[in-house]
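Undergrad: Top line first, the protein sequences correspond to chains A and B. Numbering-wise, our numbering puts 14 at position 14 of the first sequence, and it's gapless, one number per residue. Numbering-wise, our numbering puts 49 at position 49 of the second sequence, and it's gapless, one number per residue.
Simulated from the structure, these hints should not be mistaken for laboratory data. Accuracy of the hints is not assured; some may be wrong.
[Claimed, not checked] Each computed SDA-like pair below joins lysine to any residue, with the alpha-carbon atoms no more than 25 Å apart:
id, chain 1, residue 1, chain 2, residue 2
1, A, K112, B, A203
2, B, K325, A, K112
3, B, K325, A, E139
4, B, K325, A, E17
5, B, K29, B, P302
6, B, K325, A, T144
7, B, K29, B, A14
8, A, K112, B, F202
9, B, K325, B, P279
10, A, K112, B, A199
11, A, K112, B, R228
12, B, K44, B, L17
13, B, K145, A, E17
14, B, K145, B, I238
15, B, K325, B, N83
16, B, K145, A, P92
17, B, K145, A, G19
18, B, K29, B, I303
19, B, K145, A, P22
20, B, K29, B, L313
21, B, K44, B, G33
[As the list claims (entries may be wrong)] Quick look at which bits of chain A chain B covers, simulated, 3 or more residues with Cβ under 8 Å:
id, stretch
22, 55-64
23, 103-113
[Unchecked claim] Across the chosen pairs, the derived CB separations fall in these ranges:
id, chain 1, residue 1, chain 2, residue 2, range
24, B, G82, A, R122, 21 to 31 Å
25, B, G270, A, H202, 32 to 42 Å
26, A, R122, B, I176, 18 to 28 Å
27, A, P92, B, A159, 53 to 63 Å
28, A, T21, B, R3, 40 to 50 Å
29, A, K112, B, L313, 37 to 47 Å
30, B, A301, A, G77, 51 to 61 Å
From the three backbone atoms N, C-alpha and C, an ideal C-beta is built for every residue, glycine too.
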Amino acid sequence: MAASEVPLLAAAGVEVEIGGTPILRGADLVLWPGELVAVVGPNGAGKSTLVRAVSGLQGLSGGEVLWQGRALGEIRGRELSRLRAFVPQRMPVPAGVTVREAVTIGRSSHLKMLGRLTGSDRAAIDASLERAGVGRFAERSLTTLSGGELQRVQIAIGLAQQAPVLIADEPTSQLDLGATIGVAGLLRRLTADGITVLLVVHDLSLALAVADTVVVVSEGETVATGAPAAVLTPERLAAVWGANARLSEHEGRTALHVAWLDAAHQ
Amino acid sequence: MARRVLVFAALLAALALATVASLALGAIKVPFGEVIEIIFGEAKGGPNEQIVEALRLPRTVEALIVGAALGTAGAILQGALGNPLASPDVIGVTGGAGFGAILIIILFPGSIALLPVGALVFGLLAATLVFLFAWSGRNRGSVGKVILAGIAMLSLFTAGTTGLLAAYPERAPSAIFFIAGGLTTSGWEELETVWPYFAVGFAFVLFLIRPLDRLALGDDVAASLGSRPQLIRLAAGIAAALLAAASAAIAGLLGFLGLVVPHVVRMAGGSSSHTYVVPASAVGGAALLAAGDTLARTLRAPIEMPVGPFMVLLGVPLFLWLLRKAV
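Can you make the complete structure from the sequences, with help from the hints?
TA: Written out as C-alpha cells, the structure reads:
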C-alpha cells in the first residue's frame with residue numbers, strides 16, 4: 001500500500017467501558033485527508049465517547065486505533081497533539097484570560113520545555129486567530145464572549161496545534177441559528193484549506209449540509225457510514241431515532257421534515 | 001499586560017521594602033542606610049552589623065522563603081484543582097504538620113529540636129494519604145475526590161491535635177506559638193534541615209507553570225495538547241505538599257497566606273495566567289510574611305508575638321478591598 005493510501009485515522013472494533021458499563025461495543029471510523037466527517041446518533045449512543053476514544057482522551061477496552069498507521073497507545077502526548085486537535089463541547093472559562101492568551105496556550109505543545117515562543121509560534125497564533133475569525137477581539141477576556149464567539153475561540157485554540165485533523169464534539173449544540181451558521185461555515189472552510197474535520201453533531205439537516213461522510217452511531221455501534229443522503233434515509237431515521245422523518249436538500253438548503261406527533265413512532 | 005507588569009513591579013518594591021524593614025527594625029533599630037551598607041558588605045563592623053547578620057538576616061531569609069513557598073503552593077493548588085478555596089489546608093498538609101509538631105511539643109518536650117522533623121514528616125504523611133485515597137478506585141484524581149479526601153484528612157489530624165491538647169492542658173501554652181505561626185531566630189539551623197524540600201518543591205513548580213495554564217482551559221484541552229490532567233494535579237499536589245510541609249516545619253501554621261495571596265495577585269493584576277500568578281504569588285507571599293514578621297516583633301518589642309495574626313491583619317483588609325471590586 002502506498003503511503004498516500006494510509007488513512008489519517010483508522011479505528012476498528014473500538015470498545016469502551018466506563019465504570020463497568022459498556023458504552024461502545026464495536027465502532028469503526030476512518031478519516032481520509034481533506035474530508036469532513038460527521039458522527040450522528042441518538043443521545044447516549046456513544047458519539048462523544050467514540051471521538052474521545054480515537055482522540056486518546058478516553059481509554060479503550062478493546063479494538064484498535066491507528067493514527068497515520070501508528071497505534072494510538074504508542075504515540076506520546078506531544079506527538080499526538082500534532083496529529084489531532086480535540087475541541088471540547090464547552091471548555092471552562094477562566095477569569096482573567098484573554099482570547100490571545102488562550103490561543104497561545106493552544107500552541108504550547110510546540111514549545112520546548114521551559115522554552116519561549118518563537119517567531120513562527122507567534123505567526124501560528126496570529127494565523128489561528130484570523131482563520132477562526134476571532135482576531136478582532138483577540139485582546140478581550142474570555143468571560144466577555146458570547147457562546148458563538150467562545151466556540152470560535154475554542155476552534156482557534158485547536159488550530160494553534162497545527163494538527164492535520166480537528167475533532168470537535170458538538171460544537172454547535174448550544175448555539176443559536178446565526179452562530180451555528182458561522183461555526184458550520186468555519187469548519188467547512190477549514191476543510192477547503194486541507195484540514196480534516198471530525199464532528200459530532202445532533203442536527204441532521206446540518207450534517208446533510210456540511211458533511212462529506214456521515215457515521216451513524218446507535219447503541220454503542222457504528223451502524224452506517226457513507227454519503228449523508230445515502231445514509232440518512234427515512235428507513236434509518238425510523239430504525240435509529242424512532243422518528244417518522246425525512247431529510248431534503250434543495251439548492252444548498254437542507255431541512256428535516258418530521259411527523260412530530262406520529263403515534264406509531266412514540 | 002501593562003497592569004500585571006505594574007502589579008509585579010509594585011510587589012517587588014514591597015518585597016525590597018519589607019526585607020530592609022525586617023533587617024532594620026526590632027528591639028534595636030538600625031538605620032535603613034546602614035542596613036543597606038551591611039547587605040552590600042560596605043559596613044565597618046560593630047554591634048549593628050552583628051545584630052543584622054547573625055540574628056535578623058537568617059530570620060528574614062526564612063520569612064522570605066516560607067512566604068514565597070506558601071504563596072506558590074496556594075497558587076499551584078488553586079490552579080491544579082480549579083478551585084478558589086484550595087490551599088495547603090485542602091491537601092491535608094497543614095493538619096498533618098500541626099499534629100506532628102504538637103506531638104513533639106506535648107509528648108516529647110525534651111526533644112523540641114525534633115519539632116520541624118515531626119511537622120515535616122506528618123505533613124507529608126497526611127498529603128500522601130490524601131493522594132492515595134484520591135487516586136484509587138473510580139474517577140481517580142478527580143478534583144472532588146482530592147478535596148474531599150483532603151478535608152477528611154484535615155479533620156482527622158485536627159482531631160488528633162485537639163485530643164493531645166485536651167489530654168495535656170498544662171503543656172498547651174507552649175503549642176500556641178506554633179499553631180499561630182511564628183518565626184524564630186534559630187534561622188540557619190532550621191533552614192539547613194529543610195532546604196532540600198523547598199528546593200525540590202520550587203523546581204517542580206517551574207515545570208508546572210505551563211501545564212497549569214493548559215489545565216485552566218479544562219481537562220479536555222489539556223489532553224488535546226498531549227498532557228495528562230491527573231498527572232499534572234498529582235505533580236502540583238506533591239510540589240505544594242513539599243513547600244507547605246517544609247514551611248510548617250520552620251514557621252508553624254500559616255495556611256492563610258497560601259489561600260489569600262494568589263487571589264490578591266489575580267485580582268490586582270487582572271490576570272490568572274500562571275506565568276504571572278505563580279511568580280507574583282511567590283514575591284507577594286514573601287513580602288507579606290516579612291512585613292508581618294517585622295510588625296510581630298516591633299509592636300511590643302522586646303516581646304515577640306506570633307506572625308500569623310499580624311499577617312492576617314495586613315492581608316485581610318487588602319483582600320476584602322480587592323474582593324469588593326472583583327466580580
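Undergrad: Quick check on a hinted range of 18 to 28 Å for R122/A and I176/B, using CB atoms only.
TA: violated (55 Å)
Undergrad: Going straight from one Cα to the other, do K325/B and N83/B come out at no more than 25 Å?
TA: Between K325/B and N83/B the Cα gap is close to 20 Å, so the pair holds against 25 Å.
Undergrad: Straight-line Cα separation of K145/B and P22/A no greater than 25 Å?
TA: Cα-Cα ~24 Å, so holds.
Undergrad: Between the alpha carbons of K112/A and F202/B, is the straight-line distance 25 Å or under?
TA: holds (20 Å)
Undergrad: Has the given pair, K325/B with E139/A, been kept, meaning a C-alpha gap of at most 25 Å?
TA: holds (21 Å)
Undergrad: With a cut-off of 25 Å on the C-alpha distance, tell me whether K29/B and A14/B pass.
TA: holds (20 Å)
Undergrad: Take a quick look at whether K112/A and A203/B sit within 25 Å of each other, Cα to Cα.
TA: Cα-Cα ~17 Å, so holds.
Undergrad: With a cut-off of 25 Å on the C-alpha distance, tell me whether K325/B and K112/A pass.
TA: Judged against 25 Å, a Cα distance of about 38 Å means the pair is violated.
Undergrad: State whether the coverage of the stretch 103-113 of chain A by chain B holds or is violated, taking the criterion as 3 or more residues with Cβ-Cβ distances under 8 Å.
TA: That given contact holds, which follows from 6 residues of the stretch 103-113 of chain A lying within Cβ reach (below 8 Å) of chain B.
Undergrad: Are the Cα positions of K112/A and A199/B separated by 25 Å at most?
TA: holds (23 Å)
Undergrad: Against the 25 Å threshold, does the CA-CA distance of K145/B and E17/A hold or violate the hint?
TA: holds (21 Å)
Undergrad: Do three or more residues of the stretch 55-64 of chain A come closer than 8 Å to chain B, measuring C-beta to C-beta?
TA: That given contact holds, which follows from 3 residues of the stretch 55-64 of chain A lying within Cβ reach (below 8 Å) of chain B.
Hints 2, 4, 26, 27 from the list above are not met by this structure, while the remaining hints are.
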